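Novice: Could you put the whole structure together from the sequences, leaning on the hints where they help?
Numbered by UniProt numbering, the letters in the sequence shown go through residues 1 to 289 in order.
No wet-lab data here; the hints were simulated from the structure.
Straight-line C-alpha distance at most 30 Å; calculated DSSO-like pairs for lysine-lysine:
#  : residue 1 : residue 2
1  : K29       : K245
2  : K95       : K137
3  : K161      : K31
4  : K29       : K95
5  : K115      : K95
6  : K245      : K31
7  : K245      : K95
8  : K29       : K161
9  : K31       : K115
10 : K95       : K31
11 : K245      : K161
12 : K29       : K115
13 : K161      : K115
14 : K255      : K95
15 : K255      : K161
16 : K255      : K31
17 : K95       : K161
18 : K137      : K255
Label-pair ranges, simulated between beta-carbon atoms:
#  : residue 1 : residue 2 : range
19 : M136      : H197      : 36 to 46 Å
20 : Q234      : H87       : 37 to 47 Å
21 : T233      : P18       : 16 to 26 Å
None of the values given here were measured: they were computed from a predicted structure.
A virtual CB, placed ideally from N, CA and C, is assigned to each residue, including glycine.
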Amino acid sequence: MNSATIQSLPCTIARLIPAIDAQDGAGVKLKRSLGRGGNTRVDPFLMLDAFSSANPNDYIAGFPAHPHRGFETVTYMLEGHLIHRDHMGNEGNLKSGGVQWMTAGRGVIHEERPKLTNGVMRGFQLWVNLPADEKMKPAFYQDIPAEQVPSISLPNGITVKAIAGSINVEGLSLQGPISGITTEPVFIDVTLPSNTHINLPITTDHQAFIYQFEGESCINDTPVEPHNAAVLTQGNTVTVVSGDKTSRFLVLSGKPINEPIAQYGPFVMNTMEEVEQAIQDYQNGTLTD
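Specialist: Encoded structure:
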């Protein structure tokens, strides 16, 4: 038997996508990196919004009832409390450390509203594309509380949480609560103490990016500042080094779909004709039928 080890193929930074200030829902202030326009998607990921504020005026109106078709939405709450309701009768409490994974498929109409009236509201919303043969499947909703999101702590103070997929870190395996997704997403949250580093595996046939949201990191001597998405080159490992302050970032990878994308607001299909049909279905009240 050939016992040769797999050759290490380090990822480097292909490009940086700085987040821009944006608003969504009923005026919720956020920072948008992926999906901000131009060449800012990382197949299969369509959009990444980060929201963080201690000012209730920035988030209190929330996200009133609105539709989606053709993709999946993932909300990861760092701090705060959101109430989710949808047309299927689901009602979820998304609290600090929890995750909401919703497959819009053929269509979903839902709302997300803050439960608290003061304090910090901080988290992310990620949009993940669906392949053409899954865009019209039935909608599905999963609510994962913080205690079901596994984490490991390494001797040097590094912590890793796994939201989706499986990963091996320093010989320790982590399996996130979300699995069985066609694009095989891996979604982890990493905290590095100052002046430390971590080697993370990347699935070779995935497209991957790192979103820095606290402190700074370096990848191959290239600094990654807060609110930047660092899109990685193809490879099977990445080394991230923290600076003089604690660094915290998301690492996301997924199997690219490699299909045409036609998008208008909350509808993501393969052709504009399909988008127009989605709009018509929503206006006619048949989006979720």
